[in-house]
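Q: If you want the building blocks of each chain, they are given just below.
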Amino acid sequence: MTAVATQGAEAVQLVGVTKVFGRGDQSVVALEQVSLTVAPGEFICLIGASGCGKSTLLNLVAGLEQPSTGTVSVAASQVAMMFQEPALFPWLTAAGNVELALRARKVPKAERRQRVVELLDLVRLAGFGDRRPHELSGGMRQRVALARALAQDADVLLMDEPFGALDAITRDTLHDELDRIREGRPFTTLFVTHNVREAVRLGDRVVLLSSHPGRVAGEFEVPISHPRRIDSTSVAELAATITDKLKEAMAGS
Amino acid sequence: MIEVIDQLDQVAAGGPRAGRARRIWASTWPKLLAIAIVLVIWQIIHLTGWKKFVFAGPGATLSDLFDQAKTGLFWHAIRTTVQRAVLGFALAVLIGSVIGALVSRIKPLRAAIGSLVTSLQTMPSIVWFPFAIILFGISNSAIMFVIVMGTAPSVANGLIAGVDYTPPLLLRAGKMMGLRRWSLWRRLILPASLPAFVAGLRQGWAFSWRSLMAGELLVIIANQPSLGVLLSSDQDQADAPGIMSIMIVILILGIIVHTLFGLADRSIRRRWGLDTTI
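Chains as they are written, first to last, in numbering that gives the first Met the number 0: chain A, 0 to 252; chain B, 0 to 277.
A portion of the hints provided could be inaccurate.
[Stated by the list, open to error] Below, simulated BS3-like cross-link-like pairs (lysine-lysine); rule was C-alpha separation at most 27 angstroms, straight line:
no.: 1; chain 1: B; residue 1: 174; chain 2: A; residue 2: 108
no.: 2; chain 1: B; residue 1: 174; chain 2: A; residue 2: 105
no.: 3; chain 1: B; residue 1: 174; chain 2: B; residue 2: 106
Everything labelled a hint here was simulated from the structure, so no lab data went into it.
Produce the complete structure using the sequences and hints provided.
A: Shown next as structure tokens:
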């Protein structure tokens, strides 16, 4: 019933997970019998219409919520999460936000300063450490949020539509950044999105969820080699196939 | 690309720094004009001869103020009043913060004391004086007691409101980072409630100042000159210029503290990016 850390070959495993909110007549089934296995270092994109329980699934993996039935196991000590909003703390500078994540992990002070510089450098924000969140553009704020998530040194990164509020060009740049960063450190990623092309652009595997209740309606391997472009033909073709499936799943619900 | 965005941001923020002198002047002239308007109206009323024997004009009042400013008594009185204000307010902030922190952290206390705190706020602080005088006699303690009763609820409420309105998204982000209990409180909830806390302090100060003035008029302690004592002895002597000059002093002290709170509030809003007037 609870999230247990296991030493198995899977980074994340959900077995027969059902999540019901509320009780009796008022209850809503957010997820029904969802099973999903994610290998270490794999990039999974979860896609589906609103109300398919994507965010609930991430919350279960994060341990913020408990499944009603079924098991969620995460073979990682640390799970980090990024949201659609950057969720930066406005009273701290960009560097301060990143440093707080290090502090929460009890990284010694002397080491923290060095790590903050490295992390901001990694997301290409060197020299912006002393800016406050409101002094940064939307894309830059998400970069800080990414640096903060990376600071947790997590093996699993959960991303809940992190680029959903950004313009297309900024989003495209951040896709490239994410690929580059994962080359150096291939953490397991669960990425929720509405955007089928984005899912195909980024994921090793795309998992389609149907709505009301959320069920796994299909899985697609993405056999396209990196580096990928969101506007390439191969990405567009697979995205079209998945979109058709998605429409079927939505019509069926 | 980032550099370009950065430059654009700077342009949006108002380009090169606007002249500091001009900004100060822009915020000063309305105040100077207000003072001028008050002086003119005051002088006109004086010239009409309304209540000629008890109503002092600005000339007589201001020269009385300058005369008083040369006496040790005047400064002694200001010192006493300011000391009481600072001490009483500090005590109230301490007590209010502790109550606010406990009430916001502990759920059962929340239900029991939360509404009590709010209802205490509706009590006019002057009502506490008879009770305070019975408890503490004619003493500083009576005045401090009333200041605390008037001020602490506002301070506690400010903190409770701040804790309540900590954005849930930030709480989720903090929990995902591994902040728990004390560290979550210290690193996230407390700083997130700062603006509401400062608003509570500001309101609390207004109550403090009113309670203190009421107290100094009601609780007159021998050999301890204060602004309230000066005011009531001027009343006994029907000294209109004296009364009015002490009132001006009280007004100025109030404005100074109000301005300080305004500056603190503005600086927080600017740092957090809440200031929409830029």
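Q: Would the hint linking residue 174 of chain B and residue 108 of chain A be met if the CA-CA limit is 27 angstroms?
A: Status holds; Cα separation ~21 angstroms.
Q: Would you mind confirming whether the straight-line C-alpha gap from residue 174 of chain B to residue 105 of chain A stays at or under 27 angstroms?
A: Measuring from Cα to Cα gives roughly 15 angstroms; hence the hint holds.
Q: Next pair to validate is residue 174 of chain B with residue 106 of chain B; report whether the Cα-Cα distance is within 27 angstroms.
A: With Cα atoms ~20 angstroms apart, residue 174 of chain B and residue 106 of chain B stay inside 27 angstroms; holds.
When held up to the earlier numbered hints, the structure conflicts with none and fits them all.
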